[in-house]
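Work out the full structure, taking the sequences as your base and the hints as a guide.
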Amino acid sequence: MKHSFFDKYSYLDTPIHRIRPEIKMIFFLIFTSFVIIFEKKHFIFYILSFVGVFLISLISKVPFNFLIKKIITILPFVFLVAICNFFSKSKNISTALYTFLNSSLVVFLLILLVETTKFYELLSVLKKFRVPKILIILLSFIYRYFFVLIDEIEKTLYSIKLRSPKKYPNKKSLANIVGMLFIKSFERAERIYYAMIIRGFSARDEHN
Amino acid sequence: MNIIEVKNLTYTYPDGTLAVDNISFSVRENQTLCIIGPNGAGKTTLLLCLVGVLRYRGEIKIFGETLNYKNGGDIRKNIGFLFQNPDDQLFMPTVFEDVAFAAKEFKYKEEDVEKLTNEALKKVGLEGYKNRLSHHLSYGEKKKVALASSLVLNPKILILDEPTSNFDPATRREFIELIKSLICTKIIATHDLDMVEKIADSVILINNGKKLKEAKPSEILDDKELLTQNRLI
Ligand SMILES: Nc1ncnc2c1ncn2[C@@H]1O[C@H](COP(=O)(O)OP(=O)(O)O)[C@@H](O)[C@H]1O
Ligand SMILES: [Mg+2]
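Heads up: the sequence lines are chains C and A, in that order. This note's numbering numbers the first residue of the first sequence as 1 and each following residue consecutively. This note's numbering numbers the first residue of the second sequence as 1001 and each following residue consecutively.
Everything labelled a hint here was simulated from the structure, so no lab data went into it. Every clue listed holds true.
Derived BS3-like pairs: lysine-lysine, alpha-carbon spacing no greater than 25 angstroms straight-line:
id: 1; chain 1: C; residue 1: Lys133; chain 2: A; residue 2: Lys1104
id: 2; chain 1: A; residue 1: Lys1007; chain 2: A; residue 2: Lys1213
id: 3; chain 1: C; residue 1: Lys118; chain 2: A; residue 2: Lys1115
Negatives, chain A to chain C, calculated, CB over 10 angstroms:
id: 4; residue: Arg1028
id: 5; residue: Thr1066
id: 6; residue: Glu1114
id: 7; residue: Lys1210
id: 8; residue: Ala1215
In this text, a Cβ means the ideal position worked out from N, Cα and C, and glycines have one as well.
Dropping the structure here:
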């Protein structure tokens, strides 16, 4: 099966892809902190930043409409944050707008970071930054088994299609299917844990 | 010399299923023991007991030392284990990270990790695969990477759970040759009788968690009645 909807552009070879992952990561962290700390910035800053995002996407050959597509799936959440902010803190339209712009900017850059860096390179940077081992292993698991889970869901959907006249299962069997996916995942987790301790894993030591 | 000695091994799952029932056997150095039995016979459970990840009753001695839940770590350094489903075993993003995992966990120096990993990949014929992603590999490749990941510390004992299931015929033959070429003590759970004939020094037949017969391969493979009774032909 094809698995490339997650980081499908991270294997391209462009100037942006070739920048060392450490540098990209540090830039991302500094930029994000800046955006968060100074909540309201001049509108020129936003114009420049979004032009910057556009340029990066152009140079790195990550299509701009791919970025837009991704951001649209996240937008509702960003919007929710802005709304919450509006009702809880300021009741001020411009603050909500700033929250919205800041969050979108950070999300844009995050997507660009992931799409221009191989996932295992990002992990090795985290390791260099002394992020605890258990967290890094957790992240590799999420990445690795995300694809396995998608496979499993896909297979289940096929087998439903083959055995039912309707395109989608009814609510009751859907509940069963989700439940089965949980149990399968749980049992798989147990076997993976065995595979880890057989190969000497111990969660106690922090770094390796 | 007996490298593995198992006495009255019993394991019951938390839900009450008696999966391994009072099994005893022993294996000598560099011998290959095949454990055959139909689906659900208790093969996988038995193998997991042998590496001490399940809390069994009875006694297991490996290199003369009693294996239990606590001292397992040191003994496991000398045991390689191949899971039936490679997706259970390959949990890191890249092939290199997966194969290197045990070497890193057992605190080998960085250059040794690199060297051992390269050697293990070479053994399975996947030298160029270091930076490939595990989830982009074919089933056969995954299985070979999984084998490399259990060979990385050059274990004295290799435990394989249905190593030939799901292969196409040619890949299956290659894989059997590969396993055959490795020099170490092997315990293989399978219902692939053709492989048993090619590879085994001795065979144990189990069903419903019980050991029914232990014999030379030819003796068990010729007993068609016994094999039919136990759903193996
Ligand atoms: N996690 C589990 N919980 C309860 N029963 C199990 C579990 N895993 C396996 N069993 C049961 O234990 C028995 C032996 O299973 P297994 O060792 O997987 O057999 P085999 O590998 O020979 O096919 C079967 O009856 C199976 O249903
Ligand atoms: Mg099994």
